[in-house]
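A.B. asks: These are the residues of each chain, in order.
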Amino acid sequence: ETGVTQSPTHLIKTRGQQVTLRCSSQSGHNTVSWYQQALGQGPQFIFQYYREEENGRGNFPPRFSGLQFPNYSSELNVNALELDDSALYLCASSLGTGDGYTFGSGTRLTVV
Amino acid sequence: GESVGLHLPTLSVQEGDNSIINCAYSNSASDYFIWYKQESGKGPQFIIDIRSNMDKRQGQRVTVLLNKTVKHLSLQIAATQPGDSAVYFCAENHDYKLSFGAGTTVTVRA
Chain G
2 ETGVTQSPTH LIKTRGQQVT LRCSSQSGHN TVSWYQQALG QGPQFIFQYY REEENGRGNF
62 PPRFSGLQFP NYSSELNVNA LELDDSALYL CASSLGTGDG YTFGSGTRLT VV
Chain E
-5 GESVGLHLPT LSVQEGDNSI INCAYSNSAS DYFIWYKQES GKGPQFIIDI RSNMDKRQGQ
55 RVTVLLNKTV KHLSLQIAAT QPGDSAVYFC AENHDYKLSF GAGTTVTVRA
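Top line first, the protein sequences correspond to chains G and E. Every position in the first sequence, counted from 1, becomes a number in my numbering once 1 is added. Take the second sequence: its letter number 58 is residue 52 in my numbering, and every next letter is one higher.
If you want a taste of the chain E side facing chain G, the calculated C-beta under 7 Å gives, among others:
| id | residue |
| --- | --- |
| 1 | Y26 |
| 2 | G37 |
| 3 | K91 |
| 4 | G95 |
| 5 | A96 |
| 6 | G97 |
No farther apart than 20 Å at their CA atoms in a straight line, the calculated lysine to aspartate or glutamate pairs in the EDC-like style are these:
| id | chain 1 | residue 1 | chain 2 | residue 2 |
| --- | --- | --- | --- | --- |
| 7 | E | K91 | G | E54 |
| 8 | G | K14 | G | D86 |
| 9 | E | K91 | G | E76 |
| 10 | E | K91 | G | E53 |
Chain G regions said to be covered by chain E (calculated; three or more residues, Cβ under 8 Å):
| id | region |
| --- | --- |
| 11 | 31 to 45 |
| 12 | 52 to 59 |
| 13 | 96 to 104 |
For the record, the hints were derived by calculation from the structure and aren't laboratory data. Note that the structure is a prediction, hence the values are computed from the model and not measured. C-beta: ideal position from N, C-alpha, C; glycine also.
Please build the complete structure, drawing on both the sequences and the hints.
C.D. replies: Here it is, written out as structure tokens:
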């Protein structure tokens, strides 16, 4: 059984650019949640996808968007990058929307 | 603002001693709580969870206590080992999302 895998592991982008982060969910899981973790902080919920539909969203602007594919993998897209978007982006998968979350190791995004 | 918070940002403990990490939460409607361990360069790793209909749950070397009256959660680690050095987060699950506190950094002294 494979865990949650995220790619890339590290990324450097310039302010104003766009970025796509990818997540493969754990085998058997149908729900993916994305979190942003700034340095020295706890993760903050961005949104959740369940059966290819957005199931809930945190306090993030519309330039943060996502997709979930039929195989339950997911993408996080961020447009018009800002310096404050620099963070560790975590993906967590689960079976259903309520519990049993497994986190990936994250993508470290640096915006310069 | 955050609904979950930890009392102390850092904890230094002697190897072999017991560790206690505390957490306060504010959403009385939350029904599920989880403790995570995060090592440098890694994502949060599940340690133990507890539902609101329980007040204590034990795992291997870890115990979680839940006091709903004062909305307090604690994690006890028995016989702390060097490998326990990490940042520990409590999280509450309400509806579809987890809300995390800022974390407690645990350092184990040899």
